[in-house]
Amino acid sequence: MKNCHQFLTLKDICYSYTKNRQILSDINFSLSESELLGIIGPNGSGKTTLLNVISGILKPYKGEIFIQNHNLNHLSIESIAKFISVVPQNTWVTFNFKAKEVVFMGRMPYISRIKGESQEDYKISREAMIKTHSLSLSNQNIQKISGGERQRVFLAKALAQSPKLLLLDEFTSHLDLTYKYEMLNLLKNILKKENLTIISTFHDLNLASIASDRLLLLNDGKIEKIGKPKEVLNKENLYKVYKVKPILINHPQFNVPQVIM
Amino acid sequence: MNKSLVKNTGFINWKKKLILIVLFGSLIVLVIGIFCLNFGVVTITPRDIMHLLINGTQDKTTNLIIWQLRAPRIVLGALTGAALSTVGGAFQGILRNPLADPYILGVSAGAALGACIGIAFQYITGYAFASYLPLFAFLGAMLSLYLVYKSSKISYSANSTGLLLSGVAITFLFSALITVLLALSRRELHSMIFWLMGDLSAANWKKISIILLPVFIGNAMLFFSALDLNALSLGEEEALHLGINTGRLRIRIFLIGSVIIATVVSFTGLIGFVGLIIPHIARLLVGPDHRIMLPIAAFLGAVFLILCDILARILLAPTEIPIGAITAIVGVPLFIYLLRRKNQ
Amino acid sequence: MHFLKKFSVIIAISIFLLLDLPFLGGVSNAAEYPLTVIDETGTAVTLSKEPQRFISTAPSNTEILFALGLGEKVVGVTNYCNYPEAAKHVEKIGEISPLNYEKIISLKPDLVLAYGGFQLKDIPRLRELGIIAIVLEPLNLKDTFKSIKMIATACDISDKGSILVDNLTKRVDYIKSKVSNIPISSQPKVFVGGTSETIFTPGAGTLFNELITMAGGQNIAASLSFWKKISPEFVAEAEPDIIIIPIGVMNQEESSKIKEIVSERNGWSNIPAIKNKKIYIVNEDLFYRAVPRMVDGLELLYKIFHE
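One line per chain: the protein sequences are V, U and P, in this order.
One point on numbering: in our numbering, the residue at position 107 of the first sequence is 110, and numbering is uninterrupted.
One point on numbering: in our numbering, the residue at position 82 of the second sequence is 382, and numbering is uninterrupted.
One point on numbering: in our numbering, the residue at position 104 of the third sequence is 95, and numbering is uninterrupted.
No wet-lab data here; the hints were simulated from the structure.
In this text, a Cβ means the ideal position worked out from N, Cα and C, and glycines have one as well.
Some hints here could point you the wrong way.
[Unchecked claim] In silico lysine-lysine, DSSO-like type, Cα no more than 30 Å apart, as pairs:
(1) P:Lys220 with P:Lys269
(2) U:Lys642 with V:Lys101
(3) V:Lys65 with V:Lys195
(4) U:Lys450 with V:Lys22
[To be verified] Chain V side only, calculated, beta carbon under 7 Å to chain U, not exhaustive:
(5) Ala84
(6) Val96
(7) Phe98
(8) Asn99
(9) Gly230
[To be verified] Far from chain U, by Cβ distances over 10 Å, these chain V residues were calculated:
(10) Asn31
(11) Phe69
(12) Asn93
(13) Lys101
(14) Ser149
(15) Glu173
(16) Lys195
(17) Lys196
(18) Asn222
(19) Glu239
(20) Asn240
(21) Leu251
(22) Val259
(23) Met264
Let the sequences and hints guide you as you build the complete structure.
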């Protein structure tokens, strides 16, 4: 059952990098707490930009974002960081930090520069690594581990940040089959246990369909459709956006549409 | 259950670590500094030195050599090495570029131009202004700092590339002006080139008293930004997501670092390579966590430069080899050796 | 009686004057320390006693010290002090700039003869360390003689200085008088160049230029000031009659090779000096240093130009 007060609301959001290139137009939607929203759409439709607008680092030239009734514009980036954390698509690190040091950086919004960190900060970091099955990578060089391993470490970092809203950008794209579903399960567990709300962009429509409570289909910067997977993944929408006519079947276990080419 | 977690996280308070490093590091620098008093063109026995340090005057000449020539030179070397290394490490952090050095953001080119103008000026006005040369250099440095700051705001203020490009551009501009100045001067050419090569031999206590405070305070301020520098290594957006105002951080580090460098370089000329290589050596030894790496780099840099200065003084005595050459000749093999050991 | 008194007074005065005569030559025999001289930088330098230990921080100063007979008292010279031969065996203090203060102090000099130019900036520090330094930087013959006399005075041997300078002046005047009889048209056009690709030549205000002019030559670079880099075209256009190449120490073989290289330089085949094979290699020290040997250089130039 949905909550009456909305957790996250976007109103009339418009964003462009330059005068000519409009990236996002008229974005309107709301999220409830503990919901997993999957953002799908072709390359260039504005998925990552939307994520960055929600996280506050890109400022839309029109529209407003409300998080638990706070206007995002009025919050400092320090306070936003205690609320929202992000797992990026690109996880390059300039220096050879150990994985556990990277995870520990997730605690930065809470660490006073003068007092330094506490026992608690280390505990939270460690727990985050355990949850994401990355504890074995603790002392490894972050530059030397594989892309998939790095993403788990970065997920741990994002969890160590104790967020209420977790944003993921194409999170599963580098993951092995071994970890794809495991991580998604993890996310759904955390969602429930820790009252976390999650927005994730997906490249893979089928994964998005299984993982998400609702899907948001972006087409050229505009919302084509938002709703349950069954409502969004149908022949008309897919043709409109992707210009293809795939076969859709129902997943026997999860009861959601799956796209077969 | 709780106990095992504590043990496994390997928790040592960062502050305790820092205090240990500072104490230990200072002690090492002090010991090495005193050890280095032994070296110079003139032979003075260690016994005489200890006697001098403990009891006071031996003969006037020895006193003069130890206290007025060698000691200030060692102290200046330590301060310079520490300053260059810390700022080099900090700049590598904010620019996310392992090839950055303290001179890359333009301040040194400004100081060099100021100094060369000061030297040319000297010849026109007579050498009464000789002692004001550091002031010329410092003003030149402030000019280039201002230009880099202004032009980086015009370009991409949102990321490190803008700052880097501005720094490089201004450096090229000022270097060109210096080249013109060099081409026009015949008599002053020698002095200008020597200034550019860097030199600790003109050290005296008055100069040290001027740079002591800026170096200490500036370094301390950089140490405090260490945590933010860590986050910046993850990327511009990542740092923002961690609540760090990257624009402000960048400008802060740039300004503090530039003032430290301008102060030091105005007195020592451009001693190269130290600021580039010592942070890397520090990272090889203690890892990239800036909270540990920067203080370690400071002490490493101090010791390194003091030792290089000895070589500069005694290898071809009484001729002195430019110290910038020694730092590279010694530093490169050292670095390669450490790199290979790490990879094994 | 009256006459005897007058006579004895006259005798007494005469004897007194006779005895005084040596004293009239200068302030030398009376020990007049502390003594103050004004050096080239306009600084008043005070010597508290007669200097016994000298350090020279420039080859020109070394030559002057030895020329004044103070060679035995010189305890430190630079790496470049190669004349006279005895100077080569004096302890070395290193480079001309930056000065090695430690070495200088350790030799405990009473007086350091320093140089202006690019050494100027090292002097304040030297003085801070308690060293008495006199800075010399004569830019012409006259000033060189003045400097020699000044040093002689400071060292309580001003008569030696006067004698030295008088002899040199005589030789210079001799050349001058001979040259005054040579019409301008017979004064050869002279180019001074080195062996390197980039040509640096001395113009007005340099010692070299003064010597050339005094020796009755016309320096093609006389319109430029100090040492200047010039292009090969400039030289080709000026068509010098004589080319002078100042070099450090070298042997026969090398000098003929150098003459060859210069003769075959691109675009210079029409220059009179090259066509007539009037290329002369000279010891650069005679022309770069403000020292008594400059007069040797002057005489050498006269010979080259007019004989």
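We went through each hint and held it up to the structure:
| no. | hint | verdict |
| --- | --- | --- |
| 1 | P:Lys220 with P:Lys269 | holds, 23 Å |
| 2 | U:Lys642 with V:Lys101 | holds, 15 Å |
| 3 | V:Lys65 with V:Lys195 | violated, 33 Å |
| 4 | U:Lys450 with V:Lys22 | holds, 25 Å |
| 5 | Ala84 | holds, 3 Å |
| 6 | Val96 | holds, 6 Å |
| 7 | Phe98 | holds, 4 Å |
| 8 | Asn99 | holds, 6 Å |
| 9 | Gly230 | violated, 29 Å |
| 10 | Asn31 | holds, 24 Å |
| 11 | Phe69 | holds, 19 Å |
| 12 | Asn93 | violated, 7 Å |
| 13 | Lys101 | violated, 7 Å |
| 14 | Ser149 | holds, 18 Å |
| 15 | Glu173 | holds, 14 Å |
| 16 | Lys195 | holds, 24 Å |
| 17 | Lys196 | holds, 19 Å |
| 18 | Asn222 | holds, 25 Å |
| 19 | Glu239 | holds, 36 Å |
| 20 | Asn240 | holds, 31 Å |
| 21 | Leu251 | holds, 36 Å |
| 22 | Val259 | holds, 30 Å |
| 23 | Met264 | holds, 34 Å |
Hint check: violations occur at hints 3, 9, 12, 13; the rest are consistent with the structure.
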